[in-house]
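Those protein sequences? They're chains P and C, same order as listed. The first sequence runs 1 to 792 under full-length UniProt numbering. The second sequence runs 1 to 289 under full-length UniProt numbering.
In short, the hints are calculated from the structure, not lab data. Any given hint could be a false lead.
Covered stretches of chain C (chain P as the covering partner; in silico rule of three or more C-beta atoms under 8 Å from a C-beta of chain P) [claimed, not checked]:
#1 51-63
#2 109-123
#3 253-266
Computed far set for chain C versus chain P, every beta-carbon distance over 10 Å [stated by the list, open to error]:
#4 P9
#5 E14
#6 Q17
#7 Q22
#8 R42
#9 R75
#10 S80
#11 G131
#12 G141
#13 N142
#14 P171
#15 D175
#16 D207
#17 Q284
#18 K288
Predicted model only: the values in this text are computed from it and were never measured. C-beta: ideal position from N, C-alpha, C; glycine also.
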Amino acid sequence: MSDCEKTNYIGKSVQRVDVYEKATGKAKYFEDYQVQYRDLLHVKVLRSPHAHAKIVSIDASAAEALPGVATVVKGSDPDIAWADIPYASSYYGNPAKDEVIWAGQAVVAVAAESIEIAEQALELVKVVYEELPYVVDQREAFKADAVSVTSPELGIAAGYGGVQPEGPNVMGSYKLTHGDVEKAFAEADVIVEEEYQAGKKSTSQIECNGSIVEYHEGGGVTIITNGCGVHGVVKNHILTMYPQLSSNKVRVIQPVTGGSFGNRLFPLVEPLAVLMALRTKRTVSYVLTRKEMYTSSPSNWPVYTKLKLGAKKDGTIIAEKLELVEDAGAQIRGYFDGRLSSSGLMCVYNIPNVQCDSYAVRTNTMPCAPYRGLGCAESEWAMENLIDVLAEKLDMDPLEIRLKNILKKGETNPYGEKVTSIGLGRCLEAVADAINIDEPCQQDGGPWKYGKGIAAAGKQNTPLGRAEADCLVHSDGSIELLVSCDEQGMGVQTTLRQMAATEFQIDIEKVKVTRADTAITPYDNFGASSRTTYTTGNAVIIACQDAIDQLKEAAGRKVGLAKKQVTIKNGKAYFVGSNIESIDIADLYEPFSFFTQQTWGLLKGTPVRGRGVFCPAPAVEWFGPGHEDGRTPRMWNWYQYSAFGAEVAVNEETGQIKILKLMSTADTGNPINPKLVEGQIDGGVIMALGFSIMDHHMFQDGKMMNPNMSDYRLPTTLETPLQKNFMRAILPDPLPDGPFNAKGMAESIMIPVGPAIAAAIYQAIGVRPTEMPMTAERVLKLIKDKEASDAK
Amino acid sequence: MKFNAYYEPKTVEECVQILSEQGSDVKMLAGGTDLVIRLRSRALKPKTVVSLNAIPELSEVSLKEDGLYIGAMARLMDVSKSELLTGAWKIVKTGAGNVSSMQVRNIATLGGNSCNASPSADTVPGLVVSGAIANIVGKNGNRSVLLEEFFTGPGKTVLADDEMLVSFKIPKYADKTGAVYKKYSIRGDTDIAIIGVAGKVTLNAQDEVVDVKIALGGVAPTVIRVPKAEALLSGKKLTDQLIEEAAVIASESCTPITDARATKEYRKEMVKVWVRHVLKDAAQEAQKN
Chain P
1 MSDCEKTNYI GKSVQRVDVY EKATGKAKYF EDYQVQYRDL LHVKVLRSPH AHAKIVSIDA
61 SAAEALPGVA TVVKGSDPDI AWADIPYASS YYGNPAKDEV IWAGQAVVAV AAESIEIAEQ
121 ALELVKVVYE ELPYVVDQRE AFKADAVSVT SPELGIAAGY GGVQPEGPNV MGSYKLTHGD
181 VEKAFAEADV IVEEEYQAGK KSTSQIECNG SIVEYHEGGG VTIITNGCGV HGVVKNHILT
241 MYPQLSSNKV RVIQPVTGGS FGNRLFPLVE PLAVLMALRT KRTVSYVLTR KEMYTSSPSN
301 WPVYTKLKLG AKKDGTIIAE KLELVEDAGA QIRGYFDGRL SSSGLMCVYN IPNVQCDSYA
361 VRTNTMPCAP YRGLGCAESE WAMENLIDVL AEKLDMDPLE IRLKNILKKG ETNPYGEKVT
421 SIGLGRCLEA VADAINIDEP CQQDGGPWKY GKGIAAAGKQ NTPLGRAEAD CLVHSDGSIE
481 LLVSCDEQGM GVQTTLRQMA ATEFQIDIEK VKVTRADTAI TPYDNFGASS RTTYTTGNAV
541 IIACQDAIDQ LKEAAGRKVG LAKKQVTIKN GKAYFVGSNI ESIDIADLYE PFSFFTQQTW
601 GLLKGTPVRG RGVFCPAPAV EWFGPGHEDG RTPRMWNWYQ YSAFGAEVAV NEETGQIKIL
661 KLMSTADTGN PINPKLVEGQ IDGGVIMALG FSIMDHHMFQ DGKMMNPNMS DYRLPTTLET
721 PLQKNFMRAI LPDPLPDGPF NAKGMAESIM IPVGPAIAAA IYQAIGVRPT EMPMTAERVL
781 KLIKDKEASD AK
Chain C
1 MKFNAYYEPK TVEECVQILS EQGSDVKMLA GGTDLVIRLR SRALKPKTVV SLNAIPELSE
61 VSLKEDGLYI GAMARLMDVS KSELLTGAWK IVKTGAGNVS SMQVRNIATL GGNSCNASPS
121 ADTVPGLVVS GAIANIVGKN GNRSVLLEEF FTGPGKTVLA DDEMLVSFKI PKYADKTGAV
181 YKKYSIRGDT DIAIIGVAGK VTLNAQDEVV DVKIALGGVA PTVIRVPKAE ALLSGKKLTD
241 QLIEEAAVIA SESCTPITDA RATKEYRKEM VKVWVRHVLK DAAQEAQKN
């Protein structure tokens with residue numbers, strides 16, 4: 001093996017850097033830092049029991065008087081940040097003021113010497129509510145005559161930010177016209193149409209959201225948090241919410257964290273804890289309970305989709321018409337307009353005529369945030385199911401119809417974007433092959449019926465934000481990366497290390513990653529949209545190249561050569577055109593002592609610092625002249641793709657579903673670390689199995705019925721197939737602009753799981769679920785309905 | 001979690017003395033797998049907690065002339081593995097083994113599962129069809145009640161403030177008796193049951209039913225029997241049609257609620273399905289025992 005091959009770590013399954021500390025319990029999560037603070041205050045929050053109610057009065061005097069209570073925060077307090085909207089702050093972690101708009105909204109917050117005292121204090125608070133009509137069903141909320149999620153007389157209406165409301169709760173809309181849809185439907189040989197619904201779900205990461213805010217004399221704060229985006233989300237929010245804090249007075253540190261999946265992209269706990277720290281001049285710890293994780297931290301946005309497809313006899317899909325509504329929950333501000341979920345219906349198939357009318361609506365439920373897949377698992381649920389219906393009508397097999405219609409590299413999607421990387425065809429073929437889709441399941445005559453199904457998926461990547469990286473070359477020749485990307489479990493520290501070691505052609509043991517401390521590590525937005533490998537990875541490569549360039553300059557100067565005559569590898573500078581063959585990097589740094597003068601150049605103890613900044617190319621304006629049809633040559637960044645195949649058993653007596661065999665394939669671009677990618681696939685598949693067949697928010701009287709882990713049913717090992725039947729494959733199409741041609745991959749794998757299971761259920765028992773999750777009850781109802789209609 | 005006083009008596013007598021002194025604002029701590037969760041969530045705020053964990057005699061399991069005695073503090077894991085539970089008594093093992101996860105079963109107790117009085121307790125339907133008797137000790141002496149009469153509502157039992165459950169007596173069963181418990185839940189045993197069905201069938205030499213008991217969990221305020229279905233089956237040979245009729249009666253005679261685990265309609269439908277399976281399996285078992 002040549003030196004170069006030895007130090008090429010791309011595509012190698014290098015062990016995770018954090019594996020020992022996590023497995024042995026030594027990893028320090030934010031709560032582990034509580035013991036450092038002897039003056040720690042604990043926060044507990046009283047929350048609304050009603051989906052919608054006027055707050056008539058709040059009497060917190062007894063709580064304030066309770067010994068051990070340091071401060072009590074109410075919505076009417078003058079120092080509440082972002083209290084610009086009359087009835088409740090638009091920052092939905094703050095206590096409400098004039099009305100509550102979902103069950104679980106904060107009403108009064110207490111910081112006290114202990115959790116016990118804080119809880120006791122909350123029990124002393126007297127709140128008088130006047131219940132108001134509410135709406136939790138998004139289809140109801142969308143109607144023009146719907147109950148208003150907020151009270152209109154309080155001055156906030158739908159359509160925040162200049163959007164023209166189309167109903168009392170409609171937040172915004174995104175519409176696209178591509179080709180002539182009505183004409184295409186007239187020319188279609190087969191037309192299929194159906195309504196689909198995907199439910200409300202919580203990411204349910206193991207570690208509950210929380211942070212510790214340390215107060216510094218002089219008015220600064222250090223925030224130790226598991227929130228995402230130390231710079232781009234947490235610090236930016238705190239700076240805009242608290243103008244008295246200047247940039248140098250806020251430090252945000254993210255230690256080891258236990259998952260996010262998008263849930264922590266909204267800084268829910270930090271602002272309230274900062275407010276309390278500023279008031280009390282003490283250290284404040286605010287940790288959500290598991291119940292609060294469900295009722296008071298963001299869920300996904302459920303999606304309703306009415307989809308219509310038209311195809312020619314040969315299976316070519318020529319027309320797509322969709323009406324889609326995202327349910328953003330009780331969200332006042334927000335960027336929701338249907339665009340995020342509808343993107344899933346634009347990126348997989350090459351359909352020449354598309355009419356998209358998408359919206360976002362408010363409901364009196366927990367406000368939403370991104371959930372792994374950004375609403376595409378919810379919308380493509382409709383597309384993949386309806387494609388299956390179409391295939392049956394056309395008498396085509398589900399693989400053939402998909403292969404015929406998927407976008408090919410270089411083609412243009414309905415937005416008008418040219419597709420630069422798509423490996424979906426191979427993904428589809430591989431899943432069909434793995435589950436032998438052509439071979440019907442053997443039935444055994446018992447209550448369990450067997451079937452198979454496949455589905456495809458695509459997911460856009462955000463063009464937003466930027467990532468910076470510093471690459472330090474220490475005077476011992478070792479490398480240190482300073483980055484602020486989130487590590488939410490995906491293993492990015494390891495992949496960034498692989499990239500740097502490959503750039504420097506150095507042993508990976510000599511590369512270390514220091515991460516997520518705004519006082520030390522440079523800007524990054526957030527770990528979301530599967531962007532970290534791409535965006536932060538590109539920044540790291542640029543930083544490494546900058547550092548290498550500086551080393552070449554310094555090494556060349558040392559022996560009297562130009563930097564083009566220097567190569568950096570194996571911890572050495574190699575020269576051409578000199579009698580000196582090489583110098584160790586470490587020897588480029590001059591030793592110096594207290595008495596040394598003229599200390600220019602590289603010195604021991606002071607690293608070379610390479611800088612890297614990477615921003616994805618900007619999207620072309622989504623609105624405005626030239627884009628009245630909603631189309632643009634650059635809407636998003638790149639796309640990740642996936643396919644899924646499943647063999648399932650359906651119990652005709654109970655409606656239960658068992659997944660017997662599954663295969664997930666992912667087009668990840670060139671994978672940096674295949675083992676980590678496989679881990680993401682497996683984790684994503686299990687998470688998606690959960691929201692496909694079990695886990696969702698259930699409501700009774702406007703309240704979530706199941707805000708705990710025994711009633712919010714996440715899948716366990718019992719719900720996953722045996723290891724030998726749990727298959728995955730990475731089938732990359734390299735991304736030209738990705739770091740080492742990689743792209744992100746954590747989300748597309750979520751999307752095809754539900755529809756593939758639905759197709760398998762149809763094959764097994766002849767019913768087509770349209771609502772996700774496909775709970776046993778819902779499936780049994782479909783079976784009973786079918787029995788009743790067959791009997792007629 | 002906060003309470004004023006915590007006691008750890010060493011004997012039943014001492015325990016009863018403490019209970020009688022402390023009055024009504026007391027909770028007894030057995031395995032704690034339900035109690036501690038409720039204390040921590042402040043759903044329960046008792047003044048006093050009395051642990052039963054230091055009274056060794058409460059954990060005893062012994063076979064006596066008139067039946068099997070299982071101490072109230074017998075851990076579910078031990079019950080689920082007990083070699084004394086043979087034949088038709090195996091239903092008690094099954095129920096204990098169906099409760100939650102191994103970690104919970106290691107600490108939760110048979111008595112706790114009854115005294116918690118959850119309508120969906122997995123051990124109760126099997127004990128009820130087995131004719132289990134609850135042995136109670138109080139300030140004013142001992143008494144025994146049939147377990148199916150022990151429950152008065154969700155979370156409520158016949159125990160007075162100064163009384164405690166000390167053991168269960170499970171009477172001997174007749175020849176050709178089969179007893180089966182089936183728990184129906186979405187995620188296997190780690191889930192709380194949507195419904196639980198226990199059935200006990202005793203056949204005579206002609207394979208006619210001489211005794212049958214059906215108990216349903218999770219479909220009423222307490223575990224219930226289904227006398228109408230039992231009457232239908234008594235004295236007859238079990239045919240598929242008869243079993244189906246009994247299942248329909250069972251389904252119609254229960255009064256479930258809708259909660260986070262299932263709707264009432266689904267529960268009724270599941271009673272029909274699982275009563276059918278239980279009766280068929282119990283009849284098969286009866287041939288073996």
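Hint-by-hint comparison with the structure:
1. Residue count for the region 51-63 of chain C with a Cβ under 8 Å from a Cβ of chain P: 0. That is fewer than the three needed, and the coverage hint is violated.
2. For the region 109-123 of chain C, the stated coverage by chain P is not satisfied: 0 residues place a CB nearer than 8 Å to a CB of that chain, which falls below the threshold of 3.
3. With 7 residues having a beta carbon nearer than 8 Å to a beta carbon of chain P, the region 253-266 of chain C meets the requirement of three or more and the stated coverage holds.
4. Taking the minimum C-beta to C-beta distance to chain P, about 27 Å, the non-interface status of C:P9 holds against the 10 Å cut.
5. C:E14, annotated as away from the interface, keeps every beta carbon of chain P farther than 10 Å; the closest lies near 30 Å.
6. Non-interface status of C:Q17 relative to chain P is upheld: no Cβ of that chain comes within 10 Å, the nearest being about 30 Å off.
7. With a cut of 10 Å on Cβ distances, C:Q22 stays outside the contact zone with chain P, its closest approach being about 22 Å.
8. Chain P draws C:R42 into its interface by the beta-carbon criterion, the shortest separation being 6 Å against a cut-off of 10 Å.
9. The Cβ of C:R75 sits about 21 Å from the closest Cβ of chain P, beyond the 10 Å cut-off, so the non-interface label holds.
10. For C:S80, the condition that its CB be more than 10 Å from all CB atoms of chain P holds, with the nearest at approximately 18 Å.
11. The beta carbon of C:G131 sits about 30 Å from the closest Cβ of chain P, which is more than 10 Å, so the claim that it is off the interface holds.
12. Against chain P, the non-interface label of C:G141 holds: every CB pair exceeds 10 Å, the least being about 39 Å.
13. Under the 10 Å C-beta cut-off, the non-interface status given to C:N142 relative to chain P holds; the minimum distance is some 36 Å.
14. Every CB of chain P lies more than 10 Å from the CB of C:P171, the least distance being 34 Å, so the non-interface label holds.
15. No beta-carbon of chain P comes within 10 Å of the beta-carbon of C:D175; the shortest separation is about 31 Å.
16. A cut-off of 10 Å between C-beta atoms confirms that C:D207 is not in contact with chain P; the least separation is 25 Å.
17. At the 10 Å boundary, the C-beta of C:Q284 stays outside the reach of chain P, the nearest C-beta of that chain being 16 Å off.
18. The Cβ of C:K288 sits about 22 Å from the closest Cβ of chain P, beyond the 10 Å cut-off, so the non-interface label holds.
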